[in-house]
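Starting from the structure of chain A, add chain B where the hints point.
First to last, the sequence lines map onto chains A and B.
Just so it is clear: in the first sequence, position 101 is 91 by the numbering used here, and no numbers are missing.
Just so it is clear: in the second sequence, position 15 is 642 by the numbering used here, and no numbers are missing.
A few of these clues could be false.
[Stated by the list, open to error] Keeping only pairs whose Cα atoms sit at most 35 Å apart, straight-line, the calculated DSBU-like set for lysine-lysine is:
| hint | chain 1 | residue 1 | chain 2 | residue 2 |
| --- | --- | --- | --- | --- |
| 1 | A | Lys14 | B | Lys774 |
| 2 | A | Lys70 | B | Lys774 |
| 3 | A | Lys14 | B | Lys765 |
| 4 | B | Lys640 | A | Lys70 |
| 5 | A | Lys70 | B | Lys786 |
| 6 | A | Lys8 | B | Lys765 |
| 7 | A | Lys14 | A | Lys70 |
| 8 | B | Lys765 | A | Lys70 |
[As the list claims (entries may be wrong)] Stretches of chain B that chain A covers, calculated by requiring three or more beta carbons in the stretch to come under 8 Å of a beta carbon on chain A:
| hint | region |
| --- | --- |
| 9 | 687 to 693 |
| 10 | 767 to 776 |
[Claimed, not checked] Derived Cβ-Cβ restraints for the label pairs, each shown as a range:
| hint | chain 1 | residue 1 | chain 2 | residue 2 | range |
| --- | --- | --- | --- | --- | --- |
| 11 | B | Arg811 | A | Val100 | 53 to 61 Å |
| 12 | A | Ser93 | B | Ala760 | 53 to 61 Å |
| 13 | A | Arg202 | B | Asp754 | 18 to 26 Å |
| 14 | B | Asp776 | A | Leu84 | 47 to 55 Å |
| 15 | A | Phe122 | B | Gly761 | 36 to 44 Å |
| 16 | B | Thr680 | A | Leu32 | 56 to 64 Å |
| 17 | A | Trp18 | B | Arg724 | 26 to 34 Å |
| 18 | A | Pro198 | B | Ala793 | 30 to 38 Å |
Hints in this document: simulated from the structure, not taken from any laboratory.
C-beta: ideal position from N, C-alpha, C; glycine also.
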Amino acid sequence: MNTDRLIDMLSTNLEPVKDGQLWKALSWAIVIGLMAAFGVMLVCFGIRNDLAAGNHSGALVLKTVFALSFVGTGAAFLTKSIIPGQQAGHRLALIFLPFFAASAATLAMVVRQPALASGGMIEGAAAALCLFCIPFLAIIPFALLIWAMRRGAPTDLRRSGAVAGLVAGAIGAAVYSFSCPSDSWVFVFLGYSGAVALCSIIGAQLGPRLLRW
Amino acid sequence: MDQAHPSERELRKLMISGLEGDGEAHRALLERLSGHLRGYFKHRFARIGHGPTEAEDLMQEALIAIHTRRHTYDRSQPLTPWVYAIARYKFLDYLRRTKASVRDVPIEDASEIVAHDDAVSIDSDLDLERLMAGLSSKARQAIQCVKLDGLSVREAAEKCGMSESAIKVSVHRGLRALTVLISRESRA
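Bound-form chain A, shown alone:
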């Protein structure tokens, strides 16, 4: 094929391009992902029984806000990762800001009150359970995010996949907090962080296959 002919073809009847398409697609993916994951949580796990009584609303808010903070920081990098030439570089570490803040707080809590870390077998089992439930709830949000990111042009597929996995995992964790039976912050922190990290690793593995263009 002759290059002049190709250029001819591409510039004939050119359509103007609307601004902000990528941002819109990503926002939709996150909003619909949250709603879909919430629906799956209602059907598969159900909201915690004693939640309606308002007994544990403090712990719930803490868990949900912790998870949503990852959605917030991750989403900022999501847009960057699908625009060629805008790699975040070392600023990507900012994504872990909520994690560092929470680990510092947790460490301080445990040092002052070592009893907090001794939730025992039951809390440990709850933390292990969320390692399964959160990635499960993240499946639909992850698929939606990949769909939105494919409209962009990610150039580092592994990293883009990792960010998508992280945001999807955080959505899963935020939704799971409505069902999660544990009120022990130490175990919640470990379980949720581990689950989100797991989602991010899976995302990094799938990125090169799903995001190629």
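Chain B alone, transformed into the frame defined by chain A:
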């Protein structure tokens, strides 16, 4: 940005006019970028022992990618790094799918892309008719009418019996599908 390559400002102006729908500016942009991309890919390929035909193939693939992904360009940013990131991505993707070695690919500066210019166009190995045969009939019809025969979107809609928005969507999807078909051709 003041020290940017002199082409940067001109290319960026053409790009922005193209995004607003100016076909002539878009044509001028693609013509100039084709020279830069050809030079860049030839230079890269020479170092791993590949010939100019492969460079021309990849340049055309990158040109279509630049066209179909132009909505990802942020108008407030310089253009050269955006083009360079796409060219580099396409080059690495080429190495990956042809199982060539990625070890010898140094990280260059974005200005690398405008440092090369090569106007000597040769025909690539890609055959547009054969590639078009791999598209869905809708996309093939829409591209034939709007992009090759130069019919307006409305005329094409009447001729194909589709709505105007369906024509636009088919053209866009078809061009994207073309890059996939091209990359499949060069897979080892």
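A quick look at each hint next to the structure:
1. A:Lys14 x B:Lys774: Since the Cα atoms of Lys14 of chain A and Lys774 of chain B sit roughly 28 Å apart, the hinted pair holds (cutoff 35 Å).
2. A:Lys70 x B:Lys774: 31 Å, holds
3. A:Lys14 x B:Lys765: 27 Å, holds
4. B:Lys640 x A:Lys70: 23 Å, holds
5. A:Lys70 x B:Lys786: 41 Å, violated
6. A:Lys8 x B:Lys765: This hinted pair holds, its Cα atoms lying about 24 Å apart.
7. A:Lys14 x A:Lys70: 14 Å, holds
8. B:Lys765 x A:Lys70: 33 Å, holds
9. 687 to 693: holds (count 4)
10. 767 to 776: Satisfied; 4 residues make the cut.
11. B:Arg811 x A:Val100: 53 to 61 Å: For Arg811 of chain B and Val100 of chain A the Cβ distance comes to about 55 Å; the hint holds.
12. A:Ser93 x B:Ala760: 53 to 61 Å: 57 Å, holds
13. A:Arg202 x B:Asp754: 18 to 26 Å: Check passed, 23 Å falls within 18 to 26 Å.
14. B:Asp776 x A:Leu84: 47 to 55 Å: 51 Å Cβ-Cβ, so the 47 to 55 Å window holds.
15. A:Phe122 x B:Gly761: 36 to 44 Å: 42 Å, holds
16. B:Thr680 x A:Leu32: 56 to 64 Å: Hint holds: Cβ distance 58 Å, inside 56 to 64 Å.
17. A:Trp18 x B:Arg724: 26 to 34 Å: Holds, since Trp18 of chain A and Arg724 of chain B (Cβ atoms, about 31 Å apart) stay within the stated range.
18. A:Pro198 x B:Ala793: 30 to 38 Å: Distance hint for Pro198 of chain A, Ala793 of chain B holds at roughly 33 Å.
Comparing the model with each numbered hint stated earlier shows that hint 5 is the single one that does not hold.
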